[in-house]
Amino acid sequence: NAGVTQTPKFQVLKTGQSMTLQCAQDMNHEYMSWYRQDPGMGLRLIHYSVGAGITDQGEVPNGYNVSRSTTEDFPLRLLSAAPSQTSVYFCASSTGGLAEAFFGQGTRLTVV
Amino acid sequence: AQSVTQLGSHVSVSEGALVLLRCNYSSSVPPYLFWYVQYPNQGLQLLLKYTTGATLVKGINGFEAEFKKSETSFHLTKPSAHMSDAAEYFCAVSDGGGFKTIFGAGTRLFVKA
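In order, the protein sequence lines correspond to chains X and B. The first sequence maps to residues 12 to 123 in our numbering. The second sequence maps to residues 236 to 348 in our numbering.
Keep in mind that the hints were calculated from the coordinates and are not lab data. Warning: the hint list may mix true and false statements.
To be verified - List of simulated lysine to any residue pairs, SDA-like, C-alpha gap at most 25 Å:
#1 Lys335(B) with Arg55(X)
#2 Lys335(B) with Asn39(X)
#3 Lys335(B) with Ala35(X)
#4 Lys335(B) with Gly62(X)
#5 Lys304(B) with Asn259(B)
#6 Lys335(B) with Val123(X)
#7 Lys25(X) with Asn39(X)
#8 Lys20(X) with Leu281(B)
Said to hold, decoys possible - Cβ pair distances, simulated, as ranges:
#9 Thr290(B) with Arg88(X): 17 to 27 Å
#10 Met38(X) with Ser319(B): 35 to 45 Å
#11 Met318(B) with Gly51(X): 21 to 31 Å
#12 Met38(X) with Glu299(B): 21 to 31 Å
#13 Met30(X) with Val264(B): 17 to 27 Å
#14 Gln33(X) with Asn276(B): 10 to 20 Å
#15 Asn276(B) with Val123(X): 40 to 50 Å
Backbone N, C-alpha and C fix where the C-beta goes; we use that ideal spot for every residue, glycine too.
Using the sequences and the hints given, assemble the complete structure.
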């Protein structure tokens, strides 16, 4: 019963490097989203998707790209990492509507 | 636009005491409200949610919350705190789409023996 799986759990990047955070869910959920969690700021929505091939921006999309080629996967790409992107990133999925969101364990990213 | 304000970034209670975590929301449409809990180094998990109907909502681990439209509040309570309740709690509001959930800044609950 995997649920939402995020990889890697930890990552250190140098400024200017690019990388992809992976997110996969095995619950056949249509809705998936990415959040970043920073102290005192709660979770802020970066991007979300309502189904394969459909994505949209959340509150803080700058510096991040997403795509959704399959129902299961929703990777988050950092194009050119900056220290301001140091954060804990969470992927979530749900069936949409009024359903709860299921969260992955998070990826702790440090940009130096 | 929707927003959530959690009053108090840290709350400390004694074991066995009442837990009260405060949440106020702003929404231009009928809100759907959630409380999530996050244990150290874990993702978030749902405690309870309000959609429609009964305004007093019961969740897991003995928590409950009451939706008060006139006060735009959705405070979380538990009659008797347990050490295992120590965690961070997030209030959230959704427009019903489920995927654009807005979270509050979180309240960290400390439970003293």
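Taking the hints in turn, this is what the structure says about them:
With a C-alpha separation of about 10 Å, the suggested pair Lys335(B) and Arg55(X) falls inside the 25 Å cut-off, and the hint holds. Restraint check for Lys335(B) and Asn39(X): the C-alpha separation of about 19 Å stays at or below 25 Å, so the hint holds. Our distance criterion of 25 Å between C-alpha atoms is met by Lys335(B) and Ala35(X), whose separation comes to about 19 Å. Distance check on the hinted pair: Lys335(B) and Gly62(X) sit about 14 Å apart at the alpha-carbon level, within 25 Å; holds.
Restraint check for Lys304(B) and Asn259(B): satisfied, since their Cα atoms lie roughly 10 Å apart, inside the 25 Å limit. The hinted pair formed by Lys335(B) and Val123(X) fails the criterion: a straight-line CA distance of about 31 Å is larger than 25 Å. With a C-alpha separation of about 35 Å, the suggested pair Lys25(X) and Asn39(X) falls outside the 25 Å cut-off, and the hint is violated. Proximity of Lys20(X) to Leu281(B) is assessed by CA-CA distance (about 22 Å); at most 25 Å being required, the pair is judged to hold.
With their beta carbons about 42 Å apart, Thr290(B) and Arg88(X) fall outside the hinted range of 17 to 27 Å. For Met38(X) paired with Ser319(B), a C-beta distance near 27 Å fails the hint of 35 to 45 Å. For Met318(B) paired with Gly51(X), a C-beta distance near 25 Å keeps the hint of 21 to 31 Å intact. In this structure the supplied range 21 to 31 Å holds for Met38(X) paired with Glu299(B), their Cβ-Cβ distance being about 27 Å.
Range check, Met30(X) to Val264(B): about 37 Å between beta-carbon atoms, so the 17 to 27 Å window is missed. Between Gln33(X) and Asn276(B) the beta carbons are some 19 Å apart, a value that agrees with the proposed interval 10 to 20 Å. In this structure the hint that Asn276(B) and Val123(X) lie 40 to 50 Å apart at CB is violated, the actual value being about 21 Å.
This entry does not satisfy hints 6, 7, 9, 10, 13 and 15, going by the numbered hints stated previously.
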